[in-house]
Structure formats: structure tokens, C-alpha cells
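Undergrad: Chains as they are written, first to last, in UniProt numbering: chain P, 1 to 386; chain C, 1 to 386; chain Y, 1 to 386; chain W, 1 to 386.
For the record, the hints were derived by calculation from the structure and aren't laboratory data.
Incorrect hints may have been included.
Remember, identical chains collapse to one label, so a pair may be satisfied in a single copy or spanning two.
To be verified - Quick list of in silico lysine-lysine cross-link-like pairs, DSBU-like style, CA-CA up to 30 Å:
| id | residue 1 | residue 2 |
| --- | --- | --- |
| 1 | K57 | K86 |
| 2 | K220 | K236 |
| 3 | K86 | K371 |
| 4 | K220 | K57 |
| 5 | K57 | K371 |
| 6 | K236 | K270 |
There are 4 protein chains.
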Amino acid sequence: MASTAEQPKTHDFAGDEHQHHEFSPILSPEALAKIPTEHSTTSNGAVSHKTSSTLRKTRSALGLHPDAPIAEEDDVHERQQLLWSKVKVVLREPFAEFWGVVIMILFGDGSVAQVLLSTGQTTAPGGNGFGAYQSISWGWGLGVMLGIYVAGDSGAYLNPAITFSNCLYRQLPWRRFPMYFIAQVLGGFVGSGIVYANYISAIDWFEGGHGIRTVPPAPKATAGIFCTYPQPFVTKASQFFSEFIASTILMFVIFALKDPSNNGVGKSDKWFPLALFFLIFGLGACFGWETGYAINLCRDFGPRLMSFAVGYPSEVWSAGGYYFWIPMVAPFCGCAFGGFLYDLFIFTGPSPINTPWLGLKHLFFPRYALKARRERHRKAKAEGLV
Amino acid sequence: MASTAEQPKTHDFAGDEHQHHEFSPILSPEALAKIPTEHSTTSNGAVSHKTSSTLRKTRSALGLHPDAPIAEEDDVHERQQLLWSKVKVVLREPFAEFWGVVIMILFGDGSVAQVLLSTGQTTAPGGNGFGAYQSISWGWGLGVMLGIYVAGDSGAYLNPAITFSNCLYRQLPWRRFPMYFIAQVLGGFVGSGIVYANYISAIDWFEGGHGIRTVPPAPKATAGIFCTYPQPFVTKASQFFSEFIASTILMFVIFALKDPSNNGVGKSDKWFPLALFFLIFGLGACFGWETGYAINLCRDFGPRLMSFAVGYPSEVWSAGGYYFWIPMVAPFCGCAFGGFLYDLFIFTGPSPINTPWLGLKHLFFPRYALKARRERHRKAKAEGLV
Amino acid sequence: MASTAEQPKTHDFAGDEHQHHEFSPILSPEALAKIPTEHSTTSNGAVSHKTSSTLRKTRSALGLHPDAPIAEEDDVHERQQLLWSKVKVVLREPFAEFWGVVIMILFGDGSVAQVLLSTGQTTAPGGNGFGAYQSISWGWGLGVMLGIYVAGDSGAYLNPAITFSNCLYRQLPWRRFPMYFIAQVLGGFVGSGIVYANYISAIDWFEGGHGIRTVPPAPKATAGIFCTYPQPFVTKASQFFSEFIASTILMFVIFALKDPSNNGVGKSDKWFPLALFFLIFGLGACFGWETGYAINLCRDFGPRLMSFAVGYPSEVWSAGGYYFWIPMVAPFCGCAFGGFLYDLFIFTGPSPINTPWLGLKHLFFPRYALKARRERHRKAKAEGLV
Amino acid sequence: MASTAEQPKTHDFAGDEHQHHEFSPILSPEALAKIPTEHSTTSNGAVSHKTSSTLRKTRSALGLHPDAPIAEEDDVHERQQLLWSKVKVVLREPFAEFWGVVIMILFGDGSVAQVLLSTGQTTAPGGNGFGAYQSISWGWGLGVMLGIYVAGDSGAYLNPAITFSNCLYRQLPWRRFPMYFIAQVLGGFVGSGIVYANYISAIDWFEGGHGIRTVPPAPKATAGIFCTYPQPFVTKASQFFSEFIASTILMFVIFALKDPSNNGVGKSDKWFPLALFFLIFGLGACFGWETGYAINLCRDFGPRLMSFAVGYPSEVWSAGGYYFWIPMVAPFCGCAFGGFLYDLFIFTGPSPINTPWLGLKHLFFPRYALKARRERHRKAKAEGLV
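Extracted from the complex, chain P is given alone in its bound form (with noise of 0.2 Å):
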């Protein structure tokens, strides 16, 4: 096709970025097929004309757009030769959620272990402990906006339940999910071996004794630090709709701070991090008691994998009622339910919620899905993306 090739095509984390294009009106799949879900430029103008054809058949195959977000000048014919430095460019996007997400839990994480490790140390500044509850709430905001800061190459959701969303609404590819996700949990279960392995000797002390690894409600457990269990008095009805009620927040405002048409926002991404730091700081200081805010499972699901792996006992997967699927099947919901109120009550861009029937035609319409999908493939195909 003679206009892409005019203007190759760089990345495609969307949600913002897709959200610049002009976009069609959205009523009939044909117009819906139109929506440049792949798209061009970089932030600073640079367009990758490089990328070989073997790296972009590996890339795509692994789900990613074929083209890496690199800036040309980073990208060049000699470059490529090296390994190392064409693997860095096939897996640029999980590269970038793993060490997101790493650097997220080793402050989340690592803030719950210095507080709960030290409670009422007197010998400590001040006489009582080395930080309080809320330093868990700076370190998990914190460590989202340096994370985002890390990541900002994938898209930063550091979050597959928002990754999830963005499918649903963004015009995100599903098939970038999949790599998302592995990315992300496995970010999530490395970052808490590093807070492990730097606390192992205080979580022998705080424990009583070498090698002793305790479960809430136990009372000198230490688990709580890279996972999280329910208060005891929470009945498991609440304890997903806080998990769910969190995630729901957590997208409505990320949709709204992401969205160009609302007049509320910078035009610029330059305060979405210190956003999400308050953003997270709110999550932890408001909905953060009764299950601990997982709202999202790479961030507790790694970390418990993690901790079960190191020798905790099974407890952490049948304390709290078997409470540990809540924050893997919460996040989910809730965040497809904040996206679906934002795009229902402010968004106007285009979403499957501004088709007819709020979207549902593609669901009771299955010809009417499957028109619109097949539009979609013959113009990924058409620009070379299979």
C-alpha cells in the first residue's frame, strides 16, 4: 500500500496515543474497521524505516506490532547485527512492562515489608518503627509513577486488568495481551524475590528464628508483605466488591486522564505519573483496609507464587477462604465496569460503547461482529501487520 509505505509505522501501545488521530464516527463496522489501530509516528517525529523483515515477522508472531517503538537513530542497519540488541527490539514492549512492574513491587512491596518489619521498633527515629501505614501508600504510588516513568515504551500499564480494558475499549490488539500479561506476572514475581532477598534476614528475626515463614492471621506473619489477605471480619461478598469497587476507580480516572476531549486534562502526558502517584495514594488511604488493594493480579499473584515458592506454607493460597482468586477475578471486572461507565457517561471518542446499542449488537449481532472484525483484518492486512 502506497500510503504506508510514506509512513511506516513506529508502536502501538494505544490509549493515549491513539487518541490523537482524527478519529471517524463510529455507527456501522465499516467505519469501526476504519480506526487507525496501528499508527505511525513517534513523540518526537522519528519514524523507523529499518526494522527487518525477520524481526517483524518474530515480532508480530509474539502478538507485538510488527515495528518496535525505537527511535530511527536508535535503530540502525549496524545495530541490528548485534544479538543482544535485535532481541531488545523483539521484545521491547515486554521488556518494558517486566521492568515497570519490577520497579512498581520492589517500592510496593518493599515499603509493606520495612513498616510491618519494624512495627514499634523504639530504638528507630522518633521511637516507633521505621514509617507507618501511610508510607505503604507513598510506596505503592511512588512506585507506579516510577514505574510508568520505566515503562513508558509498552504503553506502562503494569496491570493486565488494565491492559484488558484498553482491548476492550482502546482499540488495543488482543493479541498483544497475551505477552502483556506473561511480562507483567513475571515482572511481578521478580520484583518480590528482590524485596525477599534484601528483608531475608529481618523477616528471620521479625519470624523468631531461622527459616520460620507464617501466614496471616498468624501474629508474627510476615506473608502480608508481598501478598495480599483480607481483613478477618470481611465476608468474601466484600471482599470482591472492595477489590472490584478499587478497580473501578482506578479505570474510570485513568479513562478520564487519558482522555484527550476532556477539558479537565493537560493536552500532555507529562502529569499522568504524578496523577496516578495521588491516583494510588487514594486507593491505598481510602479502599485499602479490607483486602489490602490488590486490584491487580500480576501485582499479587506473582508476588504470592513468589512467596510460595521460597517455602511460606500453603496458607497463602487458603487463608482468608481461598481469598487469593479475588484479586486475580476482581481486577478484571472492576476495571471493565470503570471503563464501561466512563465511556458510557463522558467518553466520546470512539469505543464499542458509542456503537448502537451500546456495543451490545456485536454481542446478539454475531454477523454484525463478525463483519466488523473481518473489515478490521483485511485492513491490518492490507498494511502488512498479520
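Go by the hints and put chains C, Y and W onto chain P.
TA: What follows is chains C, Y and W alone, placed relative to chain P:
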């Protein structure tokens, strides 16, 4: 009018945007009438020619500006065929205010709930509950900040008293007030309802039994989560003064932050949400003890109604010597006074205070006021805005 | 003067704006005299041709720049007919300083009042009072930040010692000093008076009886709400040094933040208020214990006078070994030293320190100083500024 | 060289500024040699033609770039006649680093002093001392932030390990290192000395007698104000790991924040100081317990030397099993590793890691490294930089 046809209007959320216009001197009612109370450019330069005449009439009947603040590319013909999209266009500003207030209340009331209900819990990391009084300053501060991001398309007043002051001093048409008021109070009701739903099992646990609900100064009262109750030693006059002075500061600083001729303030609005975080945080840390800094009818009355509806006893109204009316009335007085002070001493733009007799000529010479009013009406009609 | 007619002046709040000019090298008094101490562009490019000659004379008599820092469109002929508008133009900078200091004191003293009076109250959410020492750091930090936003049109010094240093090192004319000083001290008096009025019933309750007012180190003293009293173990020398060093840091960092040739600082002033929040917060958290970090005559003397006026006993003056003079004198010494250090080691723009003998030639060779002074006066006269 | 004459150099603080250049691909030593390690534009576009050849030689002898980072208008001929102005030009970067570190240490050590010495004081507002552990996170975070503002003209490393990593991965010439190192350590010594002078009477009071000075784990030890001492239960390996991992995170995130090709980071440096506040706050809240997060030789060794000099016993060296060498060595290892990780997984610009064998070819084939080195030397000579 030819010039109107060339400059179609899109939105009119007064305050900052009005002030970007070149104002003519305000001295005579004729001059006053020339002030562009209804203005036109969307922030990205796009203008909407498309809002159908039915929609315009409906919006006008609701007291809103005939044209919705929606960017042209998002408001095309086809979309307008969808029933829900029409509703969305008609109720754009009420929806924005509603959700802005919901987000504000979720974080604000949520922070009080978490701190109050977990008071002194020794199993918390740090051993002393899941937050302290300062968490509440954080909650309200960042709730307002994020609410402003969400409610950008309506002006993000989030407070009837602030809407009121903008009508009084900043040429926001009075007919906008009722619709904004309804949306704001509803937002308070719904937002606090969600907080109640989230913490219902924790409230049962804290109060000491299923369905027990008490109001301060009962020892285990939880009604204070939703709306404000004064300290017992504060006299009625001090109650009123405390709410009054906090509202005065609120309005004074907001007018300073929105004053484009004030050299201390950036020309863009990007810093506004963050500055509001500090302002609300400060009011909570400095004027939040005696009466709980309601400073907002919709933040206090909405949740109070909700708490009464879900089963709190009638003390929600009678507590503190029927205190409930103070956070309904004092914010209006305080914000009006704060705006008056700012316009009297600092503001040099168009304000009734900057007219003869500090605007009192309008009061004492009805003919003068009538003349100014008729001028404005005539102008509005000419622009097809009635 | 032809060039003056073409470049009419509007405002002259020194500091940052001065530095945007291209300075000529400072070596000889002639060169020094060429520095544009009175400058012209308003930040939005508008200039005022209109300030009437009567107003100019009145302003000049008060020590202010003949032209008020008001954008042209806000300073039209008709408005000038209104008496109050004339007053507003004449007293623009004093009004700005006054209200800036009022806002600063409201939040600063308000935070001390709330924390002190509610110490240990178990009915608070969290069970331990309505704030902690850190709330006071927040209060003063954000009070200064919001005060700067409010007082943008006067330079927002909010502190006589900082005005003093700007006269000394940054060519702010000395005749500005008295008017600014009066406005600042009045602001301190009024601001603390409002805090007293707001907390009067709480003070009665805390002191243990109507009208009882005590001064530290009395066990239930409340005088510490308004002005600073030193810790009992601190020697006089340490008292002075503590105020001195905090003022030095204050001025050193402010000069760095206002230095446009310093590559660490953004060229715009947008970050300045936020950076000041951190600076003041830091002084409170790091140098706020021994003497209460007054670092500001108007913040300490104004409220001290107010507290004496409303009935606190004469210990407000005698406490701490007649400590009251230290926060009056030390900030001037400290700020002068801080400015000296910055100019000596880092500043490369026009400063007396960057002249022969580090500016001491002016001191030891009166003829040299006189010559420079006469040059500047002649130039000012030529521009019609006397 | 003609082109050099046309493009005279002014400053060379590597890191961000280097990266704004268009880098040639790094594959061969020849290409590597072409990297503009010494660059030219000052941030406001001005360039200095004036630095005299004597000054250039002196600066070069000190290991600094021959041209000082001073805007042309500030570096005129006449000024250069003044002895002190010459010194200021010669020592520009060392002065900047020195004062940046002084500011950082003043706030950092100051916050520890205030919290530690006032622990549990019941006369404080709030009744529990003048700060809590979190104040220390604030102190170090904002100290670094303000230090970066002050030290803008030197690159604001404020940490020998960060300078080291910039030499290793970002083409900062190694000959810069010694001068920076000296300035930084001196800054640590002087800054902590000022804190000691300020709190000397409080330290006497806290230790229980004039001149008594003890080191942790003594019950009333105050040596912990100035430098770090590990928790007693932490093994030597954990001590090292804790400092190592915190330094790794520090460098990894700083490289991300300074990477212009990372889409998560704003193109301007304006957000950098604020992001560093959050980063340092986070390290204090999450990795600050076991060893006190020195992560910086000059922040730990400088104050340790000072405390020994003013009379603390020799336990300052022997405490914690001669722990003192760990915060000297571990930060270098950690920062080197953090930079390695960032360059390995994310950075696509010019870095040794992005050369054959991840840069190890330079290690194992000395001839290859020598060739690259000679190329760079030849180029530097041609530009008159030796």
C-alpha cells in the same frame, strides 16, 4: 447575526475561560452587556457546528448553554442518531459534575471510613491502624484533584457555593445554577452510598452488631464517615464562623488561581488541580477540626441524606444542635465573601465589584440594573441562546 | 525620552524578571547605573500607557514604581474614574503582599492551632488528635505556596528579610522596602487575628477556662499557636544560630530557584511555588524544632503583637529570655548571608558581589558608591520615575 | 579545526544533554570515537567565546572541560579581570556540586537530627516529638530535589557513584571524576558540620551532658544523625546487599528519567527534580531500615569523618563490624549494576553495552579498546581540549 454564524459557540463553563477574552471596561450597563458571557472556542480550537436544533432547545430548557462542550470530531451527524449519544450531549455538564463529585466523595469519605473504622488496630503494619488523621487530608485533597480531572467539561466546580460565586462575580449565567446543583447533590448522595456499600461489613463490625448505626457523640459512632459533626465544645457562632472562614479562603484562593492577570499564576490551567490538592489538604490540616471543613453543601447534605436513608437515626439531623444547616448555608456566605474580597482588593477584570459603588448601584438603582440586564438578554437573544 | 515613550513601564517587582534582561557587565559604577532596574513588559506582552500622572505621583511618593503592574486592558480610562479602582491601582503591590501574607499565616498558624489544641484527642479518627507535628510542616509549606500564587503581582516576597536581600543584591530599589514592610507586618497581624477568632472557643476549652491565656513553657500554653518560642535547653547563641542558618538556607535556595542562568532550574517560574512548598516543608522538618523556624519578621512579630493585643500576658515578649527580638533580627542577617554566599560562589549575573572587592569598594570608597548612585538616580529621572 | 571555531564549547555535564545529540551508531571503535563527548550549546542558546586561554588551561588541568558552563553575557572580558570571578569560572562545576551536596546534607542530616533528638517530647504540638520516621524520608527527598536545583551547572550528580556510572555508560570523561569527587566529599563534610553546629546544644541535652558523644547501639547515641549504622540483626552480606540493591534502583530509575528516547519521560528536564524527590523518598520508605540507605559515599563518608573530627569516638568506624566501608563500596557496585541493567534491557542510545559483546570486547581485546581510546584522544586534541 453574521458574526455569530462565523463564530459558533460550543461551551460556556465560565471562570477561567471567560477571562481569556479581552474585556471591555465595565462602567456602564451598556458596557456590561457587551461582555461575552457565552463564548466559543473549544480548547483545541475545534468548534461544533453540528448540535442539532432539538438538542439546543433541550439544553437551553435545562439552563445549559445551547451548545455542548464537545469537540466537533466527536459530535458528528451519525452519532447523533444514537439515543444515548443524544442524552450524553444534552446532559454533558451535569454528567461531568456528577462524576466529579462522586470521585471526590469516594476518596474523601473513603479515607474517613478507613481511618475511623481501623482506629488503633494492632494487626496493621506499623501496629496502629490503617491511617491517621492526615490520611483524611490526603483523601479529600486528592479526591478534589482527581474530581477536577474527571469533570473538566463542566468547569469542575464540584461545589454549589463555588458555582454560586461564579454566577455572582464571573458572569456564569444564573440559569446554569439549578442543573449544576442537582448534579452535585446527586453526586454526593451516590458517592457516599458507594462508600457505605463498600464498608458495610466493617461498619457492622465496628459498631458492634449487624445493623447498629450511631451518630456522634456516641462512642462507636460511624455517621461521621459520611458527613460532618462539630466538636462538642464549639459554640453555634464558632461553628458558623469556622465553616465561613474556610469557605472564604477556598474561594479567595481559587479566584487567585483562576485570575489570568495575576502574575503569580501560570497562564495555563495545568497547575490548577495540583494547587487545589494543596488548598484542600491545607483546609483539612488547618481548619478541619472544629466542624470538619464541609465547606460544600453537596459534600455534606448529599451524604447526610444518604446516611439517613440507609438507616442512621434522626440524630444525623439533630446532632450538634441541629448543626446540619450550617454546612448548607455557611459555604454560600463564605464563598460569596471570599470572592468579594478578592475582587475588591486584587481582581482587575470584569466583576460587579469593579463597577460604580462596588456594584451596589445595581442594588439601589433598580433601573440601572434592569437596563444592564435587558442589554444582556437582548444580546443573548441575538446570538440565539435563549 | 523617546525610547521610554516607546517602552512604557508597567511593573517592577524585581527578582526573577530583572534577570530576563541582558545585563551589561558590572564593573564600573557607570555600567552599574545602566542596569535596567525599572522594567517594562507585563508577562502577557501588554503594556499600560494609561496610568494617570496623579496616580503615578502618588505611587512614587509611596516608594512604589510609578506604573502599577496591571495589564492594559484592565486599566482603562473609565475604570480610573472610580475612586476604589484608583486606590487599587495605587496600592496594588501592598495589597498583594498583604493578602499573600494573610493566606500564608492562615494556613501556618491554623495548622499549629489545630495540632496543638487537639493533641491526643481520642475521639479523632485514628484516635490520636487531628494532626501531628508534620501537619505543621504541611501548613506552612502550602501556606507559602498559595500565598505566592495570591501575591503574584508584587513579587511575592512575603518576608521583609527576602525583600531586604533583593534590595541588597538584586537591584530592587530601597524605597520599595518600607511600603512592602508595612503591608507584610499588617498581613501577619490580620492573618493571625483571623486564626485567633476562629479558634477562640477551642482555646478557652484547651486552656481550661474562658479568657485564660498562657505562654510557654506553661503546661497548657496556647501562645505558641501564633508566634515562636524556643525550646528551654537552647542557649541564646544557639537560638540565634538556628534562625540564622534556616534563613541562610532559605535565601540561598530562593536565589538558586530564581537564577535563570542556573541550568538546574526551569526557565519559567511555574515550578517556583511548588519548590517553595518543599523548601519550607524541609525547613520545618529539619530546622523547626529548636526555635520554631520563624525565619520571617512579619510571620513572628505581627502575630506576637496580635496575641499581646488580644490578651496574652506580657510573657509573649519576655519568654525565652526576651527571645522575641531574635526572629526579628536573625532572618535579616541570615538572608543577607545566604544571598552573599549564592552570589559569591554561583551567581554570575549583576550583583554587588560581582563587582571589585566583592562590592566592598562601595563601602570603603564612598566617592565610588556615590558616583554609582548618582548615575542611577539620573537615569531614573530621565525615565520619569522619581 | 574550523568547525570547532564556529561551534565553541561551553559545558559538558554529560547525561541528559549528551543524549539530545544525534548519535551515530556504536559498533566500531571508529564510530565510538565520533561521539561528541564534549558539546556546545548552553541551554539558552548562548555560547561563550571568551574564556581566556589561561582559564582554559587551568580548568583542563583540573580535569574539567576547558570552557566553563557560563552564559556568554555573564562571562565578559571586564569581569574576568576580577580575581574572584576568575576563580568562580575555573571552579564552576566543583562549586555547584559542593553546594548541591551541602544543601542535600543540610536537609537530610537535619531531618534525622530533629526527629532523633526530639523523640517522644510531649511538649510538641501533637504531643509526640517534632517529626516521625517519615520526616526523614521527606528530608532526604527534598534535600536531593533542592540540591539538584542548586547544582544545575555541574550536572547535579551529588553522588560519586552516579558520576562513576555516567563515566562508565554515558561518555562523561573519566578525568572529570576526581574533581567532582573532591567537591562532593567536601560538601558532605561541611554540610554535616553545619548541622552539628546547629544542634550542638540539643545533642548535649539529649546525650545527657556537655561533650558526651556516643555511637549506636548506645541507648542515647547521636552519631546516627550524621552517617548510617546498620540494624544489629543484619548480617554483613545483607548489609552489602541492602546498599547494593538500593543503589541499583537509584541508577536504573535515574537513567530511565534521563533517557530521551523513553516515551514515559517528558522531553524536558523540568520534572527531573520532582521525580528524584519521589525516588529518594521511596528508597527511604522502602529500603531505608536495614542500613539507612546511604547509597552515596559523600553522604556517608563525609559526615562520618566530620563526626569523628568533632569528637565522636572511634566506634564511628568500628560500629557494625567495621560497617563504614560498605556505604563507600556498595553504591559504586550498585550504580554500575543498575546502569548495566538499564542499558542492557531498555536503553537504545550510545552505551558500551550496545557495542559488540556487550562492551566486553573492550575488556578482552585491549587492542580494540586502545584503538577506540586513541581515536577519542585524537579528536579531543583536535578540538583543543587536552
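Undergrad: Hint by hint, which ones does this structure get wrong, listed from lowest number up?
TA: 4 and 6
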